[in-house]
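Following the hints, position chain B against chain A.
2 protein chains.
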Amino acid sequence: MSLSIVLLAGGVGGAKMAEGLMHSRCGEGLSIIGNIGDDQEIHGLWVSPDIDTLTYTLTERIDRTKGWGLKDESNHTLDALALLGVDTWMYLGDQDFATHIYRTEQRKKGLRPSVIAADIAAKFGLKVPLLLATDDNVPTRLNTDRGWLDFQSYFVRYQCQPEITAVEFQGAEQANATPETLAAIAAADLIIFAPSNPIVSIGAILAIPGIRSAIDNSSAFKMAVSPIIAGKTVKGPADKMLRSLGFSSDALGVAQCYQSLLDLLVIDSADQQYCDAIRALGMQVACTDTLMPERGDKVRLAEELLDYYQQQNPGNGLPQEISSINSVATKQVSR
Amino acid sequence: MSLSIVLLAGGVGGAKMAEGLMHSRCGEGLSIIGNIGDDQEIHGLWVSPDIDTLTYTLTERIDRTKGWGLKDESNHTLDALALLGVDTWMYLGDQDFATHIYRTEQRKKGLRPSVIAADIAAKFGLKVPLLLATDDNVPTRLNTDRGWLDFQSYFVRYQCQPEITAVEFQGAEQANATPETLAAIAAADLIIFAPSNPIVSIGAILAIPGIRSAIDNSSAFKMAVSPIIAGKTVKGPADKMLRSLGFSSDALGVAQCYQSLLDLLVIDSADQQYCDAIRALGMQVACTDTLMPERGDKVRLAEELLDYYQQQNPGNGLPQEISSINSVATKQVSR
Numbered sequence: 001m002s003l004s005i006v007l008l009a010g011g012v013g014g015a016k017m018a019e020g021l022m023h024s025r026c027g028e029g030l031s032i033i034g035n036i037g038d039d040q041e042i043h044g045l046w047v048s049p050d051i052d053t054l055t056y057t058l059t060e061r062i063d064r065t066k067g068w069g070l071k072d073e074s075n076h077t078l079d080a081l082a083l084l085g086v087d088t089w090m091y092l093g094d095q096d097f098a099t100h101i102y103r104t105e106q107r108k109k110g111l112r113p114s115v116i117a118a119d120i121a122a123k124f125g126l127k128v129p130l131l132l133a134t135d136d137n138v139p140t141r142l143n144t145d146r147g148w149l150d151f152q153s154y155f156v157r158y159q160c161q162p163e164i165t166a167v168e169f170q171g172a173e174q175a176n177a178t179p180e181t182l183a184a185i186a187a188a189d190l191i192i193f194a195p196s197n198p199i200v201s202i203g204a205i206l207a208i209p210g211i212r213s214a215i216d217n218s219s220a221f222k223m224a225v226s227p228i229i230a231g232k233t234v235k236g237p238a239d240k241m242l243r244s245l246g247f248s249s250d251a252l253g254v255a256q257c258y259q260s261l262l263d264l265l266v267i268d269s270a271d272q273q274y275c276d277a278i279r280a281l282g283m284q285v286a287c288t289d290t291l292m293p294e295r296g297d298k299v300r301l302a303e304e305l306l307d308y309y310q311q312q313n314p315g316n317g318l319p320q321e322i323s324s325i326n327s328v329a330t331k332q333v334s335r
Numbered sequence: 001m002s003l004s005i006v007l008l009a010g011g012v013g014g015a016k017m018a019e020g021l022m023h024s025r026c027g028e029g030l031s032i033i034g035n036i037g038d039d040q041e042i043h044g045l046w047v048s049p050d051i052d053t054l055t056y057t058l059t060e061r062i063d064r065t066k067g068w069g070l071k072d073e074s075n076h077t078l079d080a081l082a083l084l085g086v087d088t089w090m091y092l093g094d095q096d097f098a099t100h101i102y103r104t105e106q107r108k109k110g111l112r113p114s115v116i117a118a119d120i121a122a123k124f125g126l127k128v129p130l131l132l133a134t135d136d137n138v139p140t141r142l143n144t145d146r147g148w149l150d151f152q153s154y155f156v157r158y159q160c161q162p163e164i165t166a167v168e169f170q171g172a173e174q175a176n177a178t179p180e181t182l183a184a185i186a187a188a189d190l191i192i193f194a195p196s197n198p199i200v201s202i203g204a205i206l207a208i209p210g211i212r213s214a215i216d217n218s219s220a221f222k223m224a225v226s227p228i229i230a231g232k233t234v235k236g237p238a239d240k241m242l243r244s245l246g247f248s249s250d251a252l253g254v255a256q257c258y259q260s261l262l263d264l265l266v267i268d269s270a271d272q273q274y275c276d277a278i279r280a281l282g283m284q285v286a287c288t289d290t291l292m293p294e295r296g297d298k299v300r301l302a303e304e305l306l307d308y309y310q311q312q313n314p315g316n317g318l319p320q321e322i323s324s325i326n327s328v329a330t331k332q333v334s335r
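Chains as they are written, first to last, in this note's numbering: chain A, 1 to 335; chain B, 1 to 335.
If you're looking for bench data, these hints aren't it; they were derived computationally from the structure. Hints may contain errors.
Claimed, not checked - As a list, the in silico SDA-like pairs of lysine to any residue whose alpha-carbon atoms are at most 20 Å apart:
(1) A:LYS71 to B:ASN75
(2) A:LYS123 to B:GLY44
(3) A:LYS66 to A:VAL86
(4) A:LYS109 to B:ALA82
Chain A extracted, bound-state conformation (with noise of 0.2 Å):
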């Protein structure tokens, strides 16, 4: 018997954790929601960076020194667009075009954005279920001191210069979640957040009612990763996203933002000191090494996620080869 397992993912941190558990030994089971609320029409191309990222990822043709992109690539076509007096801020390459060509042309043939994302994901050869959280236009529009942005202009253009005061996902309320969505919910046994960002990628997520009403009302074990490991994020802007927004820009911080949605949240062993604040949110804690550099930490951070659902859920029929995981005594979930 295998596990369902939902994934909420978003940017490097979410195509990570996405490796690391399509390669555990629960991948079968495995579905993935990706964020779309950082899509953009950029020189009149559907870009759609983190549902790239994770098929680019899963499949082993991302840049791995980059953690986004294809490898090999070249960057004719933007150097060609420039020479039009375009501004090519966002960088995108030559095969990654093909990737936002072939999209655009699907969605002006009417195919709903999700279909076309399964569609590339399944020519690029991924068989784990990527799916949208929903096929509405739900942009991430952030107010800051340069005025509401873009995601991508706030994140590429002003490399997450300009300082937050509000974030908006314009049109969560009205969009609906997509069938597949609240079908691989309504079947978990186990969701978890990725070490995204809390805000921007599962908050994204999470801003779909649809969604946001099928996690609440889902008996699985839900768990999520904390994306902030020592006041710190490994990438992108969480850390400062936190801060500006009220938050404190630390594992506690992760936590306010999942209150009442979490059964437990994993945290970087750098941060024991949030136990007992974690706790007192309402929600088991566990501190384990969250970095993921290479696949062996990636698929090593997934069992041992793996190992806290079977601890929390022991009547599961996990499959049994974890003995030695289970063994490591700081990896065990505290109360």
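For chain B alone, coordinates are given in the frame of chain A:
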């Protein structure tokens, strides 16, 4: 005083003639009307092969070996599209994709196609006005033994193999000529039809009623260069197409296509035997070498066209450094 010249140009022959005229003694007075009949949406992008061939040729960016496309091209985007299952029968290079992406985005913004073409040409550094006959879509459609085909399918995909029974310029009757084109024709002293396909290149331009009547009503001297040499085209399917549509596939067939439009038809020295028959159609004939493999040949032919014009219009103030060319007896216009 400069001469105002309007060149109707399509395909590689049109680009060669444009290059010759641009570098001739009257290059400053040149305007070019390009053919948009073979424009087509490919992978959701608006591709305008004839216009791009003109822009790329006249700005030294053309792939001289192929006669179309950009030099130093790569095809990473196209290869990646093929991996996505897309049928990539139309070669589009990485740099070339930028042109199509940019054009498509500008069209989406609502800009007139002729404004976009001029903008792209200017960005490439072209000084000569490159005009579109119309801002409307007037796709060339070919009825063949494989059914109705768009031009690129016939030309590129099926390599001009299908037998053509009819040619249609869809929507031409309702299409409006651009004001820039009408102004250029109204101001022209000399109108030249390039050695392009008389049916689908020049024919697609003349199919716009406003263009046709402006040329009919113009007092400019009108000449064409035959694209057929010794019964064959240098490039493209003009010979085959002439035959299929009931014309003879030689200089006389070209003259028939242009009957009542021309003052002078320039044919290749290899086709002198058609002179009498062509004159019988009510136009003058000049014989010369019309092959233009190199820049020097293009300029030489252009200068000869200007000579013919000056012989026929001795009052018009052409620059004077042409006596050496005029002295070549075989290059004189025969009546």
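Now the hints, each set against the structure:
Distance restraint check for LYS71 of chain A and ASN75 of chain B: the Cα-Cα separation of roughly 16 Å lies within the 20 Å cut-off, and the hinted pair is therefore satisfied. The hinted pair formed by LYS123 of chain A and GLY44 of chain B meets the criterion: a straight-line CA distance of about 19 Å does not exceed 20 Å. For the suggested pair LYS66 of chain A and VAL86 of chain A, the alpha carbons sit about 24 Å apart, so the restraint of at most 20 Å is broken. Between LYS109 of chain A and ALA82 of chain B the CA atoms are separated by roughly 19 Å; this keeps the pair inside 20 Å, and the hint holds.
In terms of the numbered hints stated before, the structure departs from hint 3 and from no other.
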